[in-house]
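**Q** Residue-level listing of the chains:
Number of protein chains: 2
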Amino acid sequence: MDKLVYFFANGAAEGNAGMKDVLGGKGANLAEMTNLGIPVPPGFTISTRACVRYFEADGKMPEGLEEQVKRALAGLEKAQGKRFGDESDPLLVSVRSGAKFSMPGMMDTILNLGLNDRAVEGLARAGGDRRFAFDSYRRFIQMYADVVLGVKKQEFEHLLVAMKRARHARHDTDLSAGDLEALVRRYKEKVRKAAGRPFPEDPREQLWGAIAAVFRSWMNERARIYRRQYAIPDDLGTAVNVQCMVFGNLGEDCATGVAFTRNPATGENVFYGEYLPNAQGEDVVAGIRTPRPISRAQAGGDAGGSLEETMPRCFAQLLEIRGRLEAHYKDMQDIEFTIERGRLYMLQTRTGKRTGLAALHIAFDLHEAGVIDRKAVLQRVEPDMLVQLLAPIFDTRDKERARREGRVLAKGLPAGPGAASGVVAFSAKRAVEMAGKGARVLLVRAETSPEDLAGMVAAVGILTSRGGMTSHAAVVARGMGKPCVVGAEALLVDPDAGRLRAAGKVLKEGDALSIDGSTGEVILGALDTHPSEVQQVLVRRALKAERSPLYRRYAALMEWADATRRLKIRTNADTPHDAAVARAFGAEGIGLCRTEHMFFAEDRIAAVREMILSEDVSQRRRALSKLLPMQRRDFAGIFKAMDGLPVTIRLLDPPLHEFLPTQPEQFRKLAREMRVPARTLEEKAAQLHEANPMLGHRGCRLGVTFPEIYDMQARAIFEAAAQCVKKGIRVLPEVMIPLVGTVREFTDIAARTRAIAEEVHRRTRIAVPYLVGTMIEIPRACLIAEAVGREAEFFSFGTNDLTQMTYGYSRDDVGKFLGAYLERRILRRDPFQGIDEEGVGRLVRMGVEEGRRGRAGLKVGVCGEHGGDPESVAFFHRVGLDYASCSPYRVPVARLAAAQAALAEQGGGGSGTA
Amino acid sequence: MDKLVYFFANGAAEGNAGMKDVLGGKGANLAEMTNLGIPVPPGFTISTRACVRYFEADGKMPEGLEEQVKRALAGLEKAQGKRFGDESDPLLVSVRSGAKFSMPGMMDTILNLGLNDRAVEGLARAGGDRRFAFDSYRRFIQMYADVVLGVKKQEFEHLLVAMKRARHARHDTDLSAGDLEALVRRYKEKVRKAAGRPFPEDPREQLWGAIAAVFRSWMNERARIYRRQYAIPDDLGTAVNVQCMVFGNLGEDCATGVAFTRNPATGENVFYGEYLPNAQGEDVVAGIRTPRPISRAQAGGDAGGSLEETMPRCFAQLLEIRGRLEAHYKDMQDIEFTIERGRLYMLQTRTGKRTGLAALHIAFDLHEAGVIDRKAVLQRVEPDMLVQLLAPIFDTRDKERARREGRVLAKGLPAGPGAASGVVAFSAKRAVEMAGKGARVLLVRAETSPEDLAGMVAAVGILTSRGGMTSHAAVVARGMGKPCVVGAEALLVDPDAGRLRAAGKVLKEGDALSIDGSTGEVILGALDTHPSEVQQVLVRRALKAERSPLYRRYAALMEWADATRRLKIRTNADTPHDAAVARAFGAEGIGLCRTEHMFFAEDRIAAVREMILSEDVSQRRRALSKLLPMQRRDFAGIFKAMDGLPVTIRLLDPPLHEFLPTQPEQFRKLAREMRVPARTLEEKAAQLHEANPMLGHRGCRLGVTFPEIYDMQARAIFEAAAQCVKKGIRVLPEVMIPLVGTVREFTDIAARTRAIAEEVHRRTRIAVPYLVGTMIEIPRACLIAEAVGREAEFFSFGTNDLTQMTYGYSRDDVGKFLGAYLERRILRRDPFQGIDEEGVGRLVRMGVEEGRRGRAGLKVGVCGEHGGDPESVAFFHRVGLDYASCSPYRVPVARLAAAQAALAEQGGGGSGTA
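Line by line, the protein sequences give chains A and B. Under this note's numbering, the first residue of the first sequence carries the number 164, and numbering increases by one thereafter. Under this note's numbering, the first residue of the second sequence carries the number 164, and numbering increases by one thereafter.
No wet-lab data here; the hints were simulated from the structure. Misleading hints may appear alongside valid ones.
No distinction is drawn between identical chains; accordingly, a pair holds when it is met within one copy or between any pair of copies.
[Claimed, not checked] Derived DSSO-like pairs: lysine-lysine, alpha-carbon spacing no greater than 30 angstroms straight-line: (1) K671 x K707; (2) K889 x K803; (3) K316 x K592; (4) K600 x K847; (5) K327 x K600; (6) K789 x K241; (7) K979 x K789.
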């Protein structure tokens, strides 16, 4: 029989940190801490396998589980010397979920399980505090009823409020033990009515109900949304941790807290956390009471009441554990602890989430301290997080002016770095709606909860008036890499009225506001955002590299990444400016220069339209001859910016009707300019209309039917190249023929292109080394890749179109069902964001392998948007591509992702520590 | 060095009939006849390889060719005892093209080559006929100038007319030798002026010019159009046949003719041909003089002047050769001959083109005569031709009435069987235009030429006033399987005036006319067409099988085909009527029943629109509940028609917006009916609009997002099935989920479908064996076929959509470039007509193999339109499909094609003769 339950107590555990698949993150680390001799309340973990089986069996508990839990419970009773349901000193347990990947706020927790009408008396007797015992019982009933029996929390809050009103009590603490005893009776009555059955008195029944509820919570909506957001598979399941209760709410010598071993926003090496004296469980994270700092250092010395000051012995022990955990895990930890009557218990440790900035600094600090090696540094920074280092900031002068003008409304905690300005929304729902209409939205809440997730995804920044650095808002925003300010207590947020008051100002929905997630400032009005420090060094050259330690670490990281990766990184850029930016970010060439964007420019569109509406070839040639010098200038500018690096230029791709006006009024204007009747133009446009333009007359199909268009472009490319070479610029043009699905399309157009190159060569006597290749974006091109490879000098996968055609999804229309598909897990990820390895990826693999069968060593890249997605970059590395091309701002992301892919390949699961 | 020239003379040839690839059809058969001892003028054939090399070298003659031609010429001179360009008795040759596949009228021919100013005198002296010599010279100059030098024929015709006028001559024959001599001078002057250089006097220069012209003619537009029509590759090249001239125009003991060894329209076993006394070369085929019959039998004894009567000795020799050729080739032959001064020469033999009717009868006659076996019979009938046997005929009563009313305008030759009625077009151009607008067009010409090809393709029938059974119109129409009447001399066709006069009636463009290609009748007005004899037996049961010999042979052919083939043939049918027709034609089940066609019916569309425009699920369910009984009736009708055979029903596929009105007026009407504001409907419709509906919200994507639609359909299917079973009908429903691209789409919908089947089963207590499978039409489905195969109980390839997505071609838009793609041979065939084996076919192969890896013995079929295309059917056989499904009228075609595919597999290239 399978082992489904893992025991831990008194310095010995059956599991360890390497068993996250089986025990979940929390359970694995509880076992590990137990083994390290760190004080952890005894307990046991029910394996994720049990959860998976539970769903496979449509909600039946797996065979053998009951027996194993029974044995583990017996072990706990023995370890604690207490008995479950005992009337004198009952064993109480917490039941918590714990999946492989940490999912904050997603899963449900039950405390004080084991209490019933008799055991509560035992607890009262044993603890000598009847009020505490009944308060615990009351909380347990409420939590259990909510999570297991489906009776809403509010039902009980109403009873509590009524009781307080009857007793003229202001706080819960003003209620007596007798009041609470009465309340327990009312709670149980409520449960009987609302759930249709009595509250279970049998602790074992309670436990099995809780276990099933944890299992079920794996599939609740919030959990699924979270997994969708982070592309976590649905079939992992969650473990269940059953652990002896310890109490942080037995008096002033008790406390509960959460902490990071370093500052998760900045990476600064200070012990950084929050605690609440005389509090239980989730009180800190919930953000209901504003907690106190752990250390003096973190508060800058000026906030009293830190744990360091109030409970120095426990603090010292915690500090020692902090050191041990960091030394053991070799990374910054996110910990939870409870102090029961002066005795410290660790309830959790896990690798802490952090901002990109913090990730960079922590990794380098640990490296400089000799804890981890370079490889580990490279692996510690999530590529996507680098975008934060490039994310905009506010100009200090703008902020200065705002300060002078009294527009700084509040200062909260800098929970997610980066600057954001936008319009205010007071609910997740409105944030989603407003963002859907194109607004940049700041989500403003008193505090956030998992229900706000969709709104947080939609917002450009998040602001709360309550909560600390470990509050829901802060943790989630950092995870998403979004600017976030929390605990800005000077703000009075009234979501029902749709109003925010602060510093005498009133803001309504849609009013402009700015937040600086690096300083915590909340500023009235929309401040302009500006390039980050790294950008200022790299792109603007407005800051010397040596003056920015951040830049220096960024540069070192990139240097190591470049030394590690095999995959080259290019950029998709259509202008000299974009090309220059991307080059500053480390692009090693242009992988996709779209020529149609040039066609849309103000000064060209008239000539383009004339070309399209031409009645015959000679008229079309005339119009094209006007475009030629402009395109030549375009290309010359890009070649100059990319001096010495290859530039892949895609010949015209979109259907011609995309260039035409759409409104009757525009047609009339164009007709006047072109001196033809508007009717003529409209008729011509109607002729060009297509039922499915994505599958229509575009790409090389234009090149075949209107060869003079591609001829003009080829001429512009080679003439521009010759001009540049004359000026001493090194030019490496790669002409890319789009949408090839047959060999003949390629060979016909390539022959014309090469003839033009030859002719320009003869005329100018300047030799330009060039390649003619093709974009592989039609499924058929992958299927005949060997034959195409014999002709083409390079392939570049256009994974956007390839995804569209392989799935049969139009990007413009997929929104009609994509949401439902992700929701029901028909798709794990949006295939336009992360490459579909199984389907589209199989075609890519086929294209690479067979293309190289046609031409040994064929150069192969990718220029779809997947080129900037780390998971996809790893795939492209694995299938042996030569390069990936992405948007300029994703170039550093792709460089790091490529390095991590190379390390993963060498890998073998080594920890990479020094 | 490669052998490029093959000699034949005096009973010995270097080639033979098996070398068509190298020698072309004509050259191979000339060699074969020579070897058989049949009198053939000596000559040599330049190989197709030389032509291919010529194009590869951009118009340079291949190395070695000159030397080999020189040697062959010397051989000819020796065989004939004459010398090329000789002044006393010159060797004259004909130069003809001859490709592997016969392409009537496509390639150019030059006669009398070798004449010049001195040789013509030699010819005059040797033949003793100065007039004949100069007439030959004149004709040669005209032909050569037209074909080689690009000087139009008309230029010379003008000169001829002027000369005739000056001499008051009515016929060419009224001109004297001196007149012709003068004319030759004027012709040569014309050449000098029009071509800018003198007419070549050197016979060798003449020969090389002619060879190059034949090569080039391989790539002329007419030839390419023909090859496109018949899917003949462009890279085969043509051979060139150079042969000693024989003259059919040296006097009344001379003649030239063409013949079929049997009647090519009916298959009747009579020698069937035409000849012209004292005529040269192409005069018979050109249709300028109406030729005389070869045999008395063919003319029904009533037309005098047959070759049998005028030249009985030659006729006897020809009859003997006819017997020898049929015995040797074991098939009906199409021959050309010339009689020079009482001596017979064979100029060509080839397997003759025939109608489907003739093909059937000839094959059975040869079989019954013990010449060929059953396999050969199956191989001799082109599957596509069977459509002719099912093609409509006129009702004899209608024809009788037309006769009484004097509406039979003329009687021509029955050149292509089948009845057609339509509107008259007098030019190919107008025929194409009118057909493009949806008209059924009869192309009416005095005679047709290769320039008319496009119009013949566009027309439903062809009618000419001149020419015989072997005229261009007759040959091409038979090739296309189109009704055709030729040589209806009572018609006066004036294409310039756009007028047709006959029997005192005048018809203009667009007037209605009918032709009966089986009797030759031309009838005023549009007669209704009716089912053919085979149809009357099979579908109408209006004729007893034993009363139709045609039906009996058809039935035998089909029976043998069924015994031979492995691939099953199903039909695509959406109504009980179509299902019944298809069943009569031998369909073994329904491979595709499209449920959406039912939705469009008058009495349902309102409920469908209500369902689409529903605001919520309950409203949608209400609308669907109205559709349920209707769909149930539909399915019950189809199950009944298909009693005992499987019926594959595809769940709803098209995007919902297809069911909505498109015009504002229709919206207003619908709004009144539905009692909602028109605006609301228009807004809803606008919401449903898609940029690329082909890649949009359709197929199983509808089933996922609106499960209640598929639920209704599944319920209708299983309830209808239960009803039918109760009535003793055997029902085998196969529910097909369309557009599956992921496993989860299938499993989710299949689970719901099976649950409904279970529920109906429980309720009715009637067990219906059923399958749930999927349509494989998204490239991704082929790529994950193994996983899909584990879940689905059958696959059916939807090759229409699969072709669209694999190529990235929208069927609705491909017209914008498909013509150019076929023209430039980027595509060999329209991939929507014939399956693309290399690309789409590779996905199909992958889908079959991997699907069966997922489920051993998985049932796999195809239901795209390729199911009725013989070439595609052969492919489906080869990849191991279980069945192909096609439209009802293509079922016999597919059955025969499947049998031929099975034979080809056993094959080994055997001739299949008895």
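**Q** Hints first: check each against the structure and report whether it holds.
**A** Hint-by-hint comparison with the structure:
In this assembly of identical chains, the alpha carbons of K671 and K707 never lie at most 30 angstroms apart, being 42 angstroms within a copy and 88 angstroms across copies at closest. With identical chains, the CA atoms of K889 and K803 are at most 30 angstroms apart within one copy only, with a shortest distance of 12 angstroms there and 81 angstroms across copies. Within a single copy, K316 and K592 get their C-alpha atoms as close as 22 angstroms, which meets the 30 angstroms cut-off; across copies the closest is 81 angstroms, which misses it. In the homo-oligomer, the alpha carbons of K600 and K847 lie at most 30 angstroms apart only across protomers (18 angstroms), although the nearest pairing inside one protomer, at 33 angstroms, exceeds that limit.
With identical chains, the CA atoms of K327 and K600 are never at most 30 angstroms apart, being 46 angstroms at best within one copy and 85 angstroms at best between copies. Neither within a single protomer nor between protomers do K789 and K241 lie at most 30 angstroms apart by alpha-carbon distance, with minima of 90 angstroms and 66 angstroms respectively. Taking the closest pair of Cα atoms, K979 and K789 come within 30 angstroms of each other only across two copies (26 angstroms); inside a single copy the shortest separation is 42 angstroms, beyond that limit.
Hint compliance for this structure: hints 1, 5 and 6 are broken, all remaining hints hold.
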